[in-house]
Structure formats: C-alpha cells, structure tokens
Amino acid sequence: MFERLLSQVTKVIRQSLEMETISRRDGVLQRLDPRFVFILLLSLVVISVLLRNPLSMFLMIVLSLILAALSKVPLGWYLKRVWLFVPLFSVAILVPSMTNLVTAGHAFGPSIHLFGSTLYLTKEGLAYAAAFTLRVGAAVSLSILMVATIGWSRLMAALAQLRFPPSFVIILDMTYRYIHLLLDTVANMFMARKSRMVGRPSKAEIREIGGSSVTNLFNKSYRMSENVYQAMLSRGYTGKPRVMSDLRASKVDAVFTIAVISFAVVVLVFDWSGSSTALHNLVAYLGVGSW
Amino acid sequence: MTSPIISLRDVRYRYPDGNAAIDGLDLDIEQGEAVAIVGPNGAGKSTLLHLIAGLIPVSDGKLTIDGKEIDKRSVDRPNELEWLRRKLGIIFQDSDVALFNSTVWNDVVFGPLHMGLPVEEVRARGNRALERLGISHLRDRAPYRLSGGEKRKVSIASVLSIEPEILLFDEPTADLDPRSRRMVVDLLKSMTAEGKTVIVATHDVNAVPDFADRIIVLKRRVLASGDVRTILSDEDLLSASELDVPEVARLFRVLSSIGYVTDELPFCIDEAVDQIRKRSDRVHVHSNVPERPMTESKP
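Top line first, the protein sequences correspond to chains A and B.
Throughout, our numbering is defined as the position within the first sequence, counted from one, plus 417.
Throughout, our numbering is defined as the position within the second sequence, counted from one, plus 133.
Be aware that one or more of the hints could be misleading.
[Claimed, not checked] Below 30 Å or equal to it, Euclidean Cα-Cα: the simulated DSBU-like pairs (lysine-lysine) are:
(1) K489(A) x K668(A)
(2) K201(B) x K657(A)
(3) K220(B) x K201(B)
(4) K428(A) x K611(A)
(5) K637(A) x K352(B)
(6) K322(B) x K352(B)
(7) K657(A) x K352(B)
(8) K205(B) x K329(B)
(9) K195(B) x K220(B)
(10) K205(B) x K637(A)
(11) K205(B) x K220(B)
(12) K201(B) x K352(B)
(13) K657(A) x K220(B)
(14) K637(A) x K657(A)
(15) K195(B) x K352(B)
[Said to hold, decoys possible] If the Cβ cut is set under 10 Å, some of the chain A residues that face chain B in the computed set are:
(16) R431
(17) Q432
(18) E435
(19) G522
(20) W569
(21) M573
(22) M591
(23) L598
(24) M641
(25) L650
(26) S651
(27) Y654
(28) K657
(29) D670
(30) A671
No lab work stands behind these hints: they were computed from the structure.
Note that CB positions come from ideal geometry on N, CA and C, so glycine has one too.
Work the whole structure out from these sequences, hints included.
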C-alpha cells in the first residue's frame with residue numbers, strides 16, 4: 418500500500434518536473450507569447466471537439482504532433498502520455514455504445530446470446546467509438562501541449578493579462594502551488610510511517626492507518642490555509658486580488674497563431690461541408706497520407 | 134523622550150477555547166531597537182508577533198503602533214489597515230506559508246502590488262528586494278522547487294519589498310543550514326544598522342547576541358527585559374524559562390573551570406575573540422614574550 422502510494426506521488430511530482438523542463442526548451446511554442454499560445458491551442462481544442470469526420474480529427478492529431486516536434490517536446494513521451502490513456506479511457510466508457518444495445522446497425526464479428534437476446538458489435542458503433550477516441554485524442558494532445566510548452570507560471574500570467582478574473586487566476590495558481598506541498602507532505606508522512614513499521618500490515622490496520630492519515634492531513638491543510646490567509650493579509654491583501662504580468666507580444670506571435678488557426682478552420686469547414694473527397698484531397702495535398 | 138513605536142498595555146489574548154496565550158503583557162519597544170523575544174514553547178512568542186502585526190485582535194488591553202491604537206475595529210478601517218501593512222512586515226516561520234504564488238517574482242511583488250503602488254514602483258521594489266538577498270537568479274523559479282534556505286530568503290524578500298519600518302521575524306533561523314543561518318543573522322544586523330525596528334521571536338540563543346540590543350523573556354507575559362548580558366547572565370531566569378546560554382558562553386565556562394579565566398563571559402564569537410585577545414595581551418606583557426603573528430598553515 419505504502420509503496421504504491423509513494424510511487425504514485427513520486428510519479429506525479431516527476432511528471433510535473435518533466436513538464437517544467439519542456440516549457441524551458443527553446444522551441445517554437447515556448448518562444449511565442451503565452452497568451453497567443455493559449456488562444457491558439459484553446460482554439461484548436463474547440464475546433465477538434467466540433468469535428469465529425471475521423472479524417473479531420475486525424476489531421477488535427479498530426480498538427481499537434483508537428484507543433485510538438487517544433488516545440489522540442491519528446492515525441493515518445495508525448496505519444497505515451499496521450500495514447501496510453503485515451504484509448505483505455507474511451508474503451509472503458511464506450512463498450513456499451515459499440516454494441517447493438519445502444520447503437521443499432523450492421524453486425525461486426527461474432528454474436529453472443531444472453532438471456533434470450535443477441536448481443537453483437539455494430540459497424541456503426543465501432544465507427545462512433547473510433548471517432549470519439551480520435552476526437553478525445555486530439556483534444557487531449559493539444560491540452561497537454563498547452564501545459565507542457567507554456568509552463569504553469571507563464572500560463573497564469575497569460576490568463577491574468579487576458580483579463581480572466583484575478584480571483585480565478587489566484588485560486589488556480591495557489592491550488593497548483595499547494596498541490597505540490599500536499600504531495601510532499603503525503604510522501605513524507607507515509608515514508609515516516611513506513612520507517613517505523615515491520616512486516617505487512619493487515620487490511621484492518623491499513624484501513625486504520627489510512628483513516629488517521631486522512632484526518633491528520635486534513636487538520637494540517639486546514640491549519641496551513643489559515644496561516645496562508647494570514648500571510649496574505651500581512652502583505653496587504655484585502656479580499657481584492659491583483660495580479661501583475663509583464664508579457665509583451667510581437668507580430669510574429671500574431672501571424673503564427675492566425676496561420677495555424679486558419680488552417681484548423683479550413684479543416685473544420687471541409688469537415689462540416691460533409692465533403693470527404695475534399696478532405697481526402699486536402700490530406701493528399703499535405704502529404705499526410707503517405708505517413 | 135520620544136514615545137515608543139510599539140506599546141502594549143495589559144494586553145491579553147485568549148484562544149477560541151478560552152486558554153490564555155498572552156496574559157497581562159506590558160511592553161514598550163523604541164524606534165530602531167533590535168529586540169529578541171525568547172521563551173519556551175507555548176510562551177506566546179508567535180502570538181505576540183501576530184498581535185503586533187494586527188493579524189489577530191487583542192482580547193483585552195491596549196496596543197498602539199506609532200501612536201495609533203490597533204484594535205478589533207482596525208480591520209474594518211481600510212486606510213488604517215493599509216497604513217499598518219506598510220509600516221510593518223512579518224516574516225513567518227514556515228516559508229511554505231509565506232510563498233503562496235507559483236513564482237518567486239509573483240511572491241516578491243505581491244505586497245507592493247496589493248498596496249496599490251504604481252506598477253513601475255512595484256517592479257523597482259521587487260528587483261531591489263531580490264538583489265538585496267542575492268536571489269535575482271531565482272526570479273522565475275517555482276517556490277516549491279527551492280531549498281529551505283532559498284525559501285527563507287524569498288520569504289524575507291517578499292516582505293522587504295514592502296519596505297516596512299518595523300520588521301517582525303518568527304524563528305528566522307529555525308531549520309536552516311549553517312550558511313543560510315549566518316546570512317539571516319547578518320541580515321538582521323544590517324536591518325538594525327539601517328535604523329529599522331527589528332523584533333525577533335526565537336529559540337536560537339546563539340544568534341541573539343549577534344543582533345539584539347535587548348532580550349525580552351516571555352511566558353505569556355514579560356518575565357524579564359534587559360540588555361543581552363544582563364539576561365544571559367541570569368542563570369535562575371534562564372532555567373525558569375527553559376533556556377540555555379549561548380554555546381560560546383558554555384565553552385568559556387568550561388575553560389574557566391580549568392583555569393582559563395577571562396574578564397567577562399563572552400556570549401558571541403566577536404566577544405570571545407575580544408576576550409581572547411585581551412587575555413593574550415595580558416599574558417604576553419606579563420611573560421615579556423613577543424606576540425607571534427598568526428599564520429595560515431599550508432598543506
């Protein structure tokens with residue numbers, strides 16, 4: 418139990434460190450003003466969600482990979498983060514939709530007889546599941562790219578300058594900051610307990626330890642929240658948060674952002690026009706089909 | 134005679150459960166004074182700092198800062214509160230409490246920004262504070278990625294950027310490595326030299342003689358107040374307050390017991406060096422042996 422928890426905590430901290438390292442690389446998205454990167458990637462996420470044709474979704478995934486490569490994001494790391502999680506998540510929630518129970522259509526593969534009814538996968542259900550997986554994959558790819566290339570502090574500065582409510586920015590910022598402290602505290606707490614234990618605890622002991630640890634952690638968190646609030650008050654906080662940002666954008670930022678969003682809009686237009694031939698032509702023109 | 138910058142008269146503070154943390158405390162602190170507040174755990178040192186900083190209201194009694202009374206209603210008077218925040222800065226013991234932003238820079242400018250200063254002034258103060266602590270290179274780092282010593286420096290910088298007249302430090306040397314501890318003690322000395330009023334709640338009696346003009350022994354009320362030598366020489370008082378003398382003094386007590394007698398018991402390294410020099414001069418004059426210059430041994 419302790420080993421698993423400690424390794425999970427370590428994994429989260431390591432992933433956050435990896436993201437910070439990537440955000441400091443000299444890549445295309447890292448060089449752009451974070452406000453433009455935020456607008457660019459958010460627009461691409463929205464467009465990805467609006468797409469219907471799997472081919473257009475595939476194009477968006479390819480676009481995210483190109484942006485990742487230009488931003489010096491390790492592709493192995495990137496693909497693993499998206500494509501290990503997304504298919505598992507999709508299959509878990511889409512199993513019923515793939516069958517004739519939810520999506521009627523033509524049978525695909527063998528059928529099973531259960532309680533007097535026939536259960537089988539449908540081509541339409543599978544097509545829906547594939548489209549869903551690609552759509553989620555595209556959206557997740559772009560979201561990960563946002564966090565990995567902007568970096569948390571620059572993302573917060575971007576949100577502040579984009580006129581997001583200061584209280585929203587401060588709460589988000591503090592949540593992120595104190596999650597790290599919470600993880601450290603959890604890791605230290607369990608490490609300390611592990612150092613004083615001999616043998617494998619029984620299930621009842623594990624429940625007892627878990628319960629007391631949660632209580633202890635809650636008390637610590639509560640006390641800390643009071644102290645943090647006092648620290649804020651002592652430095653002039655009066656309930657009206659203010660944030661300062663020094664970001665400066667250039668024309669290159671705007672041109673790059675507009676160009677990429679325009680491309681995505683073209684894909685969306687083709688997608689919505691229902692012209693799969695046009696999409697195939699676009700794919701062939703871009704040479705993506707030869708991958 | 135000028136009036137004290139901080140004055141507490143029969144001040145009491147009770148926790149919500151009714152227990153008294155501060156019980157009938159009378160205290161005056163003059164402008165530019167460097168005061169160390171010492172006492173055992175639970176003596177009310179941190180509570181006293183929080184009271185002075187206006188973070189918790191006095192339950193009874195009167196607290197005045199630079200002639201202005203600070204009471205429960207001060208919280209509802211924004212102008213008074215802003216005046217107090219500019220006048221006085223508090224450095225918390227736990228740096229994780231003080232560093233609540235995602236970058237060092239955001240933490241350092243938080244104070245000036247929330248005091249409504251112009252952006253250029255906020256920037257200038259932030260840069261000055263970072264330079265003073267020698268941590269400009271940490272500007273864009275996340276506080277949770279810093280070492281304990283770095284966190285302490287950033288939390289001090291985040292208060293220095295307010296440029297307050299009175300500085301309250303809660304256990305500033307706790308949990309620090311020797312080098313960071315030295316840095317903090319030097320900073321306390323330089324603050325005092327600049328004429329700031331410095332109040333330090335601490336267990337670290339070794340650091341006290343380095344910066345303090347006066348020691349206040351606290352145990353829910355003022356048990357004793359006096360200059361460093363007077364307080365640290367009072368063994369009964371130290372014993373009653375669960376305190377000990379600095380290690381330098383302990384060493385010289387042992388030396389004295391084996392015949393190495395000095396004029397006065399030293400309480401810090403500088404005093405010890407003085408005493409050794411004086412004694413050495415006396416021995417040389419007495420034995421008519423010329424003093425041998427100190428040389429560094431070469432490997």
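Numbers of the earlier hints that this structure fails to satisfy, in rising order: Going through the list in order, the structure violates hints 7, 16, 17, 18, 19, 29, 30 and respects the others.
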